[in-house]
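Peer 1: With the hints as constraints, model all of the structure from the sequences given.
Just so we're aligned, residue 1 is where the sequence shown starts under our numbering, counting upward by one.
No lab work stands behind these hints, which were simulated from the structure alone.
Subject to a maximum C-alpha distance of 27 angstroms in a straight line, what follows is the list of computed BS3-like cross-link-like pairs (lysine-lysine): (1) 217 / 229; (2) 245 / 222; (3) 62 / 79; (4) 24 / 8; (5) 226 / 69; (6) 245 / 8.
Just the calculated beta-carbon pair ranges, DEER-fashion: (7) 58 / 14: 41 to 47 angstroms; (8) 244 / 24: 16 to 22 angstroms; (9) 150 / 231: 32 to 38 angstroms.
For glycine and all other residues, C-beta sits at the position ideal for the given N, C-alpha and C.
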Amino acid sequence: MLGLFKSKPLLSVQDLEFQVETYKWLLRSFGGKEFYDEAILVLPTKEHFPSEVTNEDEVAAKTFEAVKKLAGMDSWPCKLEKQEQDVSLLVAPTVTLQNVPNSPLGTFGISESDEVVISYNPDIVNEPTQLVATFAHELAHYLTGTSEHEPPGGWDNWEFATDIAAVFLGFGVFMSNAAFSFKQTSNNETQGWQTNRSGYLTEVEYVYSLAIFIGLKGIEVKQASKFLKPSLVKILKKAVSELSKTEILTELKAIQYVPISS
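Peer 2: Dropping the structure here:
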């Protein structure tokens, strides 16, 4: 398959196979008419996120409500909780703490009373792309946890499959843009650079998954590329080109949805 490409493929054979097998798993478990007719490419626009908010708690709550609705999961019961604030690593203008574990960006769990609980790190409330991506990932956990079948490679691969599931739900632009950030930070006493990674896939893997999504949905590349980081646009176009030289999309479109047995 990969011999068809003149330049080095974006993904290794193993990583491409995992993407394809995960999409097959998702389409069998959650595809069908609901995916092809109702799933949308979610974008950072007022059309998709129209709420006006006045404080950080409201930002988180309204964003979570919007992500649930856009994922087609607004009727799925779950509780949103805020985690404890991370410890500040700056203790003096020239002194920082090291090896201090930060809270995860988000978590998914089930309480002793069988209530689904999704939590978020309050530090990401002012990072809307990361906030949406985090909620999409945790809701994808909720969704995929209902599958009757394990993801490709077993439940040890659940986190990786969950990231692809978040793209499958329509959040590929957010997942790709949030995968890696590099920005300048400064205050009255210090300045420097900060890097951050989120999710379990690489930027390229997220973008490739997005290419599969728009291919299955018949969405034009420019609808997604308009909102991607400039560095990711070329990757998306190459992924779409690579897919066009294979039978992957045809193979995936032939997958039949199998309803969960009662």
